[in-house]
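S.K.: So the protein sequences, as listed, match chains A and B.
Counting in this note's numbering, the first sequence runs from 49 upward without gaps.
Counting in this note's numbering, the second sequence runs from 148 upward without gaps.
These aren't lab readings, by the way, just hints derived from the structure by calculation.
Note that the structure is a prediction, hence the values are computed from the model and not measured.
Treat the hints loosely; a few may be bogus.
[Unchecked claim] Partial list, computed: chain B residues near chain A (C-beta under 7 Å):
#: 1; residue: L284
#: 2; residue: A310
#: 3; residue: R320
#: 4; residue: H322
#: 5; residue: L325
#: 6; residue: A336
#: 7; residue: A337
#: 8; residue: I444
#: 9; residue: R445
#: 10; residue: S448
#: 11; residue: I449
Note that beta-carbon positions come from the ideal geometry of N, C-alpha and C, so glycine has one too.
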Amino acid sequence: MTTTEPSLSEGRSAAPGPGRRRAPRTSAWLPTWALITTKNLELRKRRGLMITAVVLIVVPTVLVLGLRLLFHAIDPHSNGPAGSPDLFSQLSNLTAEFGFIAAAALGAAAGTTDLSEGVFRHLVITGRSRLALYLARIPAGLAILIPMVALAFLMNCLVTSYEGTPPPTSVSLYGLNAPEHLDQAGLRTWLLLNPQQSANGLPIQVGPATTPAQIRSAINGGIAGFYADYTASEISGAIPADNEMAKIGLWLELDVGIAFLVGLGFGSLTGQRTTTTIVLIALEIIVTPILAAHVIPYFIDGQRLIIGIAMDQLRPAALAPAPGTVGGGGGPGHALFGGRGALGIPAMPTWAMISVIVGWIVGWSGLGAWRMVTRDA
Amino acid sequence: MNANDLLAAGPAVTGPHQSVHAPGIILGLVVLAALGYGAVRLTHRVRLNRPPSPRQELPSREPTAPSPAPAPPTARRAPSTFQHPNGGWAVETHGLTKRFGPTVAVDDVELLVPRGSAFGYLGPNGAGKTTLIRTLLGLTKANAGTMALLGTPVPAERSRALARVGAIVDEPRFHPHLTGRDNLRLLAAARGGDADQRIAPSLARVGLAERAGDKVATYSMGMRQRLGVAACLLADPELLILDEPMNGLDPAGMHEMRAMIASLAGEGRTVVLSSHLLDEVQRTCDAVAIVDHGRVIRQGSIDELIRGAGAAVVQVDCAEPAQAKQLVDDAGIAAGTAITDTGLAVTLPAGASREVVADLNRRLVGAGIDVYGLREVQASLEDWFLSVTSRLGEPS
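All chains should be built: construct the whole structure from the sequences, respecting the hints.
M.R.: Laid out in structure tokens, this is it:
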């Protein structure tokens, strides 16, 4: 059998002269397909990291819905349908939360392991542009994360759509069962037609001597707030439409994508995988909730610089918690794509929100790339 | 929204008949994680026991036997001088300086490595050998000076220069969770061109074809060194820079590595070998630069350097060595004497002519000491190295 491969055997008679052979163009800053696929391979073969990512992103959704499907199949009378709009919202938010952590860990690994395992200098010695080495890690890591999130979310969508509870016929508003699809005037009319129920249910000051005129006045005065809560309740109680699901899926992918890029940039900057992972987990589960829990006067613009708060404002409406549940009733944020915040921070202008998100992506990527280009290998 | 929210909100959301039980979910997560880990382990074991893939069975693409032993080092052509070679210099530096704060690791180095030579960069630990190599390869920036690899200036045209350079800096390190072949795939992808087609021949060349599918974590130090050489060969390099390639190797591994370096140099490649092992450099290289405290203090062919060292030793095979030693010491014709198994070793003064040897013989015979033979012994590189570096006289 013959071979066409270049031979490295002793038959090499003499070193070729300068310029006799064309060298590959390794100075280009754009990563090659081979560079991306091999980096993807390097990440995929990190067994512990992959198990962690799967456990955080895919397993919760699969497990919860799988068990509920199983229980419903075994005893449908005692166990209702597996899917529901609220569960859809909760699992999606859980995927976002855990997905952020998994993505940050993967990004940190992608940004640091070449350094910590001593391979970075081998890569630099090849003459390949260091920027290309950095940029190759982005598609390599996202190619792992995006399918995982898509898988979990797809299962959530399918179960909610095909194995979910029937669509509700009324909207729950402070314990009242209001009709669906009312506009603000229609809601006011319905509340005025049911004054006693409204007085008992709505968050208005009533007493034994409250007159119908006072109730009517309270309804008219607070109708804007009541309608906002009615809308939120209607959205959260209904199975999201297909386009709404698509928006939620894109938001989830954006969320984990940002986490990966921040982890990659921060990891490349510090060179410390553990430190990077811990800092980003702390950002997600400690710093962001604390800063988002209360509006701090004179520091609200500082609060809005947190990526979790900017992303919260972009959160699709169907993922906002229903009024009266943990999360604060959605707050007044209703920004791009019908999104609404769940954390209770007043909405910022759309341009500001986009600036914060883009700033985090570009800023951390730029810092990571700069450090990789300038660092001693 | 977090897991606690989900679990806390579960019963209210799903109603009395559809409640999500927190302990159940947590238990389920743990069980699933354990099952997943077990499945991965099982898959891994199955993969290890699986017969080679069809590609691996192709003898033309994946030779399974190591290549024949390369020619011995002595078969190599040795450049004799440091004249400007026709092919130019493989490595050329002028005034190269690298500082780390107040410490000057590479101090105004003027280095010329002829193409096609096996060149030793020799110096004690901490002399700045690795820093010079790191600077040449662009792993760290120089503070001053100019340098060129294969005639191409670096760092200005670093990518073009490194396209035909293979190097091992410090100990060769790889991703331990990847196989040897996958590690080379990673590096070949970075190199581009047809480097990926050289993976199999490179592995075969260094005798790692059979272990190429094993994880690097299972490799011995010698195998990692050989994998490092295979990584260098991906570039089909004109210039190989090997930093302390014998480190951590056992005698057999050192012998293999020495033979491999010799064969690579024998193919016309330039090999720059950094080492603190004097004997190793003397065995492997044609030319050498001696570095100390960041400065190149001597460079040239080994023969020339040793010839110029000045100290010759005459081995005298004779009877009554003690008496002979006393005689020579009293005569004052030697720089030093030492009794050996067969007689006496006489170190002649620097610049001594051959007449001194004849005079030595006359004196011994005249004193009635039987002389069976006299032979001039070449000073070793180690003797010379110790005489020119600052380590001489330092407490060990």
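S.K.: Look at each hint and say if it fits the structure.
M.R.: These are the hints, each one checked on the structure:
1. L284: Check passed: Cβ of B/L284 comes within 5 Å of chain A, closer than 7 Å.
2. A310: At 3 Å from the nearest chain A Cβ, B/A310 passes the 7 Å test, so the hint holds.
3. R320: 3 Å, holds
4. H322: 5 Å, holds
5. L325: 6 Å, holds
6. A336: 4 Å, holds
7. A337: 4 Å, holds
8. I444: Hint violated; B/I444 Cβ to chain A Cβ min 26 Å, cut 7 Å.
9. R445: 26 Å, violated
10. S448: Violated: closest Cβ of chain A sits about 19 Å from B/S448, beyond 7 Å.
11. I449: With a minimum Cβ separation of about 21 Å from chain A (threshold 7 Å), the hint on B/I449 is violated.
Comparing the model with each earlier hint shows violations of hints 8, 9, 10 and 11; every other hint is respected.
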